[in-house]
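Trainee: These are the residues of each chain, in order.
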Amino acid sequence: MTILAEVHDETVDLQALYKQAGINETIETLDRELVGLVPVKTRIREIAALLLVESARRALGMQASPPSLHMSFTGNPGTGKTTVAQRMAEILHQLGYIRRNHVVSVTRDDLVGQYIGHTAPKTKEILKKAMGGVLFIDEAYYLYRPENERDYGQEAIEILLQVMEEKRDDLVVILAGYKDRMDTFFKSNPGMSSRVAHHVDFPDYGAAELLSIAERMLEKMNYRLDGPAEQALSDYIERRMRQPHFSNARSIRNALDRARLRQANRLFAGRGAPVDRAALETITAEDIRASRVFSQ
Amino acid sequence: MKITQGQFAFLPDLTDVEIGKQVEYALDKGWAVSIEYTDDPHPRNVYWSMWGNPMFDLADPAGVMMELEACRREHDGKYIKVMAFDSAKGWEAVRMSFIVNRPKHEPGFELIRAEGEGRSVHYTLRSYSSSHPRVS
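For the record, the sequence lines run as chains A and B. Residue 1 is where the first sequence starts when you use my numbering, and the numbers rise one by one after that. Residue 1 is where the second sequence starts when you use my numbering, and the numbers rise one by one after that.
Quick caveat, the hints were computed from the structure, so don't treat them as lab data. These numbers come from a predicted model, not from an experiment. Watch out, some of these pointers could steer you wrong.
Unchecked claim - Straight line, CA to CA, 27 Å or less: simulated BS3-like cross-link-like pairs of lysine-lysine:
1) A:K187 - A:K122
2) B:K29 - A:K167
3) B:K21 - B:K2
4) B:K104 - B:K29
5) B:K2 - B:K104
6) A:K167 - B:K21
7) A:K167 - A:K122
8) B:K104 - A:K122
9) B:K104 - B:K21
10) A:K41 - A:K19
11) A:K179 - A:K41
12) A:K122 - B:K2
Please work from the sequences and hints to get the whole structure.
Mentor: Below, the structure is given as structure tokens:
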């Protein structure tokens, strides 16, 4: 699928092209539905602009090899790397850069085999499945294990590199993982580093952003917080952020799931009286304050 | 002699773009596409060699085309066919099969006459290429 631009006297209407691709709505939904992540959104806009100008250039007959769009997403757990990868596939599909709007999400286990000769077919099978769309490799640094020189991960990396180079218009590869470990990974694999054009860093969320993420999650699950509960949740976030193993939005999701559990238990414990709609959808302060985060 | 087996055999050979479109059709139907090759095109030869495993869960023909390219590199002077297997209950069979590569010179078949009892004659076919099997 390519975007057909109307050419009038050697000029191209970028605005019309922009509207036609429907990219505007996708970026707006991205803005609306994803809290924070300003650098990420900026980069997505830049990439969209690049592809748009590229199709305008093509419309005027300026030939150039398609831009390389392999990306690396770095950031702490729960900062939205997987979610953004899904959105990225959508945007690239709308801009006609990839043919299918699909993301194949894999980790080391899916690519690397267990014995000699097992890795190449395994990696190739995954690559074939992903072709036409996006291949998302989570925790990509596990592919490279310097402590074992006979590790099969290196073989997977080599096949990956070859396909990333040769099948640039069939496949977009997104590597994701923690920032420091990805940096080491790229340092020890210069071939990989030079083929990944876009390095996007996902910042941690602030307390206010996490609260607004929590509210969006609850809204999707048809729950709501009453006044004191909102205060309790923001206290909870403050405390949880200071504790070890804090993984941003994922921790918040887990906390909400546990609050739902407590709410259900509370309602069940008082089951003598009939429950109304408001009670079923409201999470109160006590559901949140019962968390172990407050007892520490 | 041009071998006519499978789909599209009476048409001019498909181009890569056309092969890709046929594969796309099969994938859209949810069929698993596979590639096989042989040097013996006898119509009763149902055991062609498999080029890798059948490819399940593909979304786009690019993966099949990559394998086809690799297979052609290695078995250029042989017959290569693309097949699509439908695993739906009641079908469980190959739904598409067409030749995508053939040797430059196709030697064709020899008609063998076997003299039987009472001057009866039995006929059989033998592909010339199998008398000079290609080693690779």
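Trainee: None of the hints should be skipped; say for each whether it holds.
Mentor: Outcome of the hint check:
no.: 1; hint: A:K187 - A:K122; verdict: holds, 26 Å
no.: 2; hint: B:K29 - A:K167; verdict: holds, 25 Å
no.: 3; hint: B:K21 - B:K2; verdict: holds, 23 Å
no.: 4; hint: B:K104 - B:K29; verdict: violated, 33 Å
no.: 5; hint: B:K2 - B:K104; verdict: holds, 10 Å
no.: 6; hint: A:K167 - B:K21; verdict: holds, 18 Å
no.: 7; hint: A:K167 - A:K122; verdict: holds, 18 Å
no.: 8; hint: B:K104 - A:K122; verdict: violated, 33 Å
no.: 9; hint: B:K104 - B:K21; verdict: holds, 24 Å
no.: 10; hint: A:K41 - A:K19; verdict: holds, 19 Å
no.: 11; hint: A:K179 - A:K41; verdict: holds, 18 Å
no.: 12; hint: A:K122 - B:K2; verdict: violated, 37 Å
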